[in-house]
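Residues per chain are reported as follows:
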Amino acid sequence: MAPTTTILSPAISLQLVTKRYGRGHRQVTALDGIELDVRPGELLCVVGASGCGKSTLLNLVAGLDEPTSGRVAVAGRTALMFQESALFPWLTAAGNIDLALKLRGVPRAERRARVDELLATVHLAGFGHKRPHELSGGMRQRVALARAFAQDADVLLMDEPFGALDAMTRDILHDELERLWRERDLTVLFVTHNVREAVRLGDRVMVLSSRPGRVTAVLDVPLARPRRIEEAEVGELAASVTARLREEVRRHAGDADR
Amino acid sequence: MPVTQTDEIALRAGAGGTGAVPAGSVATSADLAGLDALDRADDRLPGRRRAVWSSLWPKLAAIGLSLAIWQGVVWSGWKPHYVLPGPGPVLGVLWGMMADGTLAEATVNTMIRAVSGFAVAVVIGVAVGSLVARVPLLRTALGSLITGVQTMPSIAWFPLAILLFQLTERAILFVVVLGAAPAVANGLIAGADQIPPVLLRAGRVLGARGFAAWRHVVLPASLPSFVGGLKQGWAFAWRSLMAGELLVVIAEKPSIGSVLQVRRSLADAEGLIATMIVILAIGVVVDALVFGRLERAVLRRWGLAADRR
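Sequence order for the protein chains is P and W.
Heads up, the first sequence is in this note's numbering, so the first residue is 1 and it goes up one at a time.
Heads up, the second sequence is in this note's numbering, so the first residue is 259 and it goes up one at a time.
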């Protein structure tokens, strides 16, 4: 992808980040000693089985939560997108985008044009007056994407954003995300449990172990873009990542009895 | 494993037809438009007249059935006619009361009390509910107390109200407000409790903190439950008001409750039942036309109502 030089300081930097919840013997370590640098303009995918603290990781980067120890540094503003679109149901698609602009302090006079522009960016011009429940899952996620862009963030955090969509819609949204990521020069941290999706999208793929979440591997994806999820190379790489994940999951096979 | 994907490749190539430009935006936008059209829920609505009729006839049938049962009981001779008159004479008396204006004056007085009492209850209920929902300490202290006040029968407040305010409008207002405000407050509190956490997170991610979070996320998100609270509050207000008007009869100020009381002292069973029908009708009409509509509008707007088609 983009030629990255070592001089650039990272867009996201995690140094020995640990996050624990609870106290005493009930204490759960969600993340343990995470070290990660995400380069500016990079699309980094995080994969892991359930309980690997993927969402905790995003919360920390988004500043919604504080690490128990370690340091989280983010260059610029962050926007976060969820698996459910998390659009406000009482607002129209345009209203949701408008609210994001308003909370950022964009003057009313500019907002209207910006909303139209953002809707057009996600191919939803003309759907601004619709309410979220009148839109399909894929359309809702595109409105959520437009809302995230409305925050004018440099770093886009995505928490399994396409996990609830059908395969075809997801495919197209992969193309869309790739296009917008390039056009807008974003840094994206994309969390998913779908290994193929991670290989399809990522410049690098980080594999997290479960309970506690530790970095098992960070793999480069040396495949040229544009990629297709059905490409053989994507499949091969995904298979090797899946193998690592399986190993990880098997380690916990005894846990259920305890 | 990769073999399963071949169909999709063929499909894409056929639909997009972009040849050498695989991730082309043109193909994507056409694909998206197609999927959007296929995916979206159909938003055509059934004819309005038909909808009105289909919701009206069961109600009319139920009224007809009630009148028939009533008439049946009267014909059975269970009670003498001067104690339990039939629907015919009662509706005749009701018509007379409507025609000579006694009912109109009484209804106006009663509705003024109901609306003003309910309005005060809403203001107090919103203020208390907002505070209790936001401040955890207040919530621990007052949460169950509010529910306690709500379950207290309003008639039990009247002795105190009459001691405090004598037989005045304020005694009635006091009890109406105490009857309705807790329901309104509870509606708001329950609404704030039931907001999906992901919406609160989304609000924080968008930068809504403090008052902005309250105004843009919490308040609108709890509106459906709040409207439910308003509806319940109205029912409590109306009950309290009727109890109040029976007990606190103010001279030269006829009200529906006082008309009921007068008919009872005159042992005028027909007038009494006619007045009860008015009380019932006002309760039903306000509930259906004001709160029912409000509730439906909010639920539809929030996408919570099942599409009736």
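Hints are not guaranteed to be accurate.
What the hints assert, rightly or not - Facing chain W, a subset of chain P residues (Cβ under 10 Å, in silico):
1) L124
2) L135
3) M139
4) A164
Hints are computed from structural coordinates only; laboratory data are not their basis.
Every residue, glycine too, gets a C-beta built ideally from N, C-alpha and C.
Notebook entry, point to check: Should the interface hint for M139 (chain P) be scored as holding, given a Cβ-Cβ cut-off of 10 Å against chain W?
Noted result: holds (6 Å)
Notebook entry, point to check: Are L135 (chain P) and chain W close enough, Cβ to Cβ, to be under 10 Å, as the hint says?
Noted result: This hint holds: L135 (chain P) lies near chain W, its Cβ roughly 6 Å from the closest one there, short of 10 Å.
Notebook entry, point to check: Is the hint on L124 (chain P) kept, meaning its closest Cβ partner in chain W is under 10 Å away?
Noted result: holds (8 Å)
Next item on the list: Could you check if A164 (chain P) really has its C-beta closer than 10 Å to a C-beta on chain W?
Entry: Violated: closest Cβ of chain W sits about 12 Å from A164 (chain P), beyond 10 Å.
Hint 4 from the earlier list is the only one contradicted by this structure; the remaining hints agree with it.
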